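A.B. asks: Given next are the chains, with one letter for each unit.
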Amino acid sequence: AQKVTQAQTEISVVEKEDVTLDCVYETRDTTYYLFWYKQPPSGELVFLIRRNSFDEQNEISGRYSWNFQKSTSSFNFTITASQVVDSAVYFCALSGRQGAQKLVFGQGTRLTINP
Amino acid sequence: DVKVTQSSRYLVKRTGEKVFLECVQDMDHENMFWYRQDPGLGLRLIYFSYDVKMKEKGDIPEGYSVSREKKERFSLILESASTNQTSMYLCASSRPRGLGPGELFFGEGSRLTVL
Numbered sequence: 001a002q003k004v005t006q007a008q009t010e011i012s013v014v015e016k017e018d019v020t021l022d023c024v025y026e027t028r029d030t031t032y033y034l035f036w037y038k039q040p041p042s043g044e045l046v047f048l049i050r051r052n053s054f055d056e057q058n059e060i061s062g063r064y065s066w067n068f069q070k071s072t073s074s075f076n077f078t079i080t081a082s083q084v085v086d087s088a089v090y091f092c093a094l095s096g097r098q099g100a101q102k103l104v105f106g107q108g109t110r111l112t113i114n115p
Numbered sequence: 001d002v003k004v005t006q007s008s009r010y011l012v013k014r015t016g017e018k019v020f021l022e023c024v025q026d027m028d029h030e031n032m033f034w035y036r037q038d039p040g041l042g043l044r045l046i047y048f049s050y051d052v053k054m055k056e057k058g059d060i061p062e063g064y065s066v067s068r069e070k071k072e073r074f075s076l077i078l079e080s081a082s083t084n085q086t087s088m089y090l091c092a093s094s095r096p097r098g099l100g101p102g103e104l105f106f107g108e109g110s111r112l113t114v115l
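Here the protein sequences come in this chain order: H and S.
Following this note's numbering, the numbering of the first sequence begins with 1 at its first residue and continues without gaps.
Following this note's numbering, the numbering of the second sequence begins with 1 at its first residue and continues without gaps.
Read the hints as simulated data drawn from the structure, not as lab findings.
Do not take every clue at face value.
As the list claims (entries may be wrong) - In silico DSS-like pairs for lysine-lysine, Cα to Cα no more than 27 Å straight-line:
1. H:38 <-> H:70
2. H:3 <-> S:70
3. S:3 <-> S:71
4. S:57 <-> H:38
5. H:38 <-> H:16
6. S:57 <-> S:71
7. S:57 <-> S:70
8. S:55 <-> S:18
9. S:3 <-> S:57
10. S:18 <-> S:70
11. H:38 <-> S:18
12. S:57 <-> H:3
Just so it is clear, the structure is predicted and the values come from calculations on it, not from any experiment.
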């Protein structure tokens with residue numbers, strides 16, 4: 001069975017601090033896909049990134065970066081120089097079988113950026 | 001602008017009532033999903049559909065059914081609502097990407113309260 005664990009329920013930081021959101025996953029599949037989504041206060045989840053299990057290169061997009069480590073089954077998300085607009089609930093998700101279209105989500109981490 | 005539209009943002013129903021939650025997408029996506037979101041539990045998959053008239057159970061299908069008569073529309077049905085079905089319901093759609101899952105596009109959610 002696939003499982004995603006986001007151990008940090010809530011994080012609160014001051015604006016401009018860097019913050020890392022942890023994601024640990026479990027799967028027996030050799031081919032799988034990992035995702036991050038953002039849910040702002042408006043409620044609609046927004047896609048941030050998709051990664052397949054064969055691509056362990058870290059990715060950077062502006063202030064966002066992702067660190068994928070198969071050795072520790074982790075796919076962590078870092079926001080550099082956080083801003084108030086980054087305040088949201090962030091979800092990590094896994095699709096653990098090639099061809100499978102459904103995602104398994106973690107519990108989510110509520111991030112609050114204080115001015 | 002691509003869109004997933006859920007018919008109602010807020011509903012209040014009584015125990016035993018039949019409830020219909022409607023979802024429409026305008027992206028010609030093959031896959032559609034119903035999740036429920038509860039604090040501390042993240043998103044859990046109720047049902048999904050990968051084609052018209054096709055459906056597959058997710059992780060928590062008990063007490064729910066679905067209907068997909070047209071590609072763009074996916075309905076979630078609570079045959080006899082119960083208080084433990086009070087939740088936020090999220091509809092999503094996607095298209096396969098290569099051999100794996102594509103990113104999900106979400107609606108704004110329907111918050112259902114069962115009294």
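A.B. asks: Does residue 38 (chain H) lie within 27 Å of residue 57 (chain S) when you go C-alpha to C-alpha?
C.D. replies: holds, 25 Å
A.B. asks: Taking only the CA atoms, is the gap from residue 3 (chain S) to residue 57 (chain S) under or equal to 27 Å?
C.D. replies: holds, 24 Å
A.B. asks: Would the pair residue 38 (chain H) and residue 70 (chain H) pass a check requiring their Cα atoms to be no farther apart than 27 Å?
C.D. replies: holds, 23 Å
A.B. asks: Quickly compare the C-alpha distance for residue 57 (chain S) and residue 3 (chain H) to 27 Å and report which way the hint goes.
C.D. replies: It holds: about 17 Å lies between the C-alpha atoms, which stays within 27 Å.
A.B. asks: Quickly compare the C-alpha distance for residue 57 (chain S) and residue 71 (chain S) to 27 Å and report which way the hint goes.
C.D. replies: Distance of about 18 Å is within 27 Å: holds.
A.B. asks: Within 27 Å, alpha carbon to alpha carbon, are residue 57 (chain S) and residue 70 (chain S)?
C.D. replies: OK: residue 57 (chain S) and residue 70 (chain S) at ~19 Å, within 27 Å.
A.B. asks: Quick one, are residue 3 (chain S) and residue 71 (chain S) close enough, alpha carbons at most 27 Å?
C.D. replies: holds, 14 Å
A.B. asks: Going straight from one Cα to the other, do residue 38 (chain H) and residue 18 (chain S) come out at no more than 27 Å?
C.D. replies: It is violated: about 32 Å lies between the C-alpha atoms, which goes past 27 Å.
A.B. asks: Could you grab the alpha-carbon distance between residue 18 (chain S) and residue 70 (chain S) and see if it respects the 27 Å cut-off?
C.D. replies: holds, 21 Å
A.B. asks: Compare the distance between the alpha carbons of residue 55 (chain S) and residue 18 (chain S) with 27 Å, and conclude whether the hinted pair is satisfied.
C.D. replies: holds, 20 Å
A.B. asks: Against the 27 Å threshold, does the CA-CA distance of residue 38 (chain H) and residue 16 (chain H) hold or violate the hint?
C.D. replies: holds, 19 Å
A.B. asks: Are residue 3 (chain H) and residue 70 (chain S) close enough, with their CA atoms no more than 27 Å apart?
C.D. replies: It is violated: about 32 Å lies between the C-alpha atoms, which goes past 27 Å.
In this structure, the earlier hints numbered 2, 11 are contradicted, and the remaining ones agree with it.
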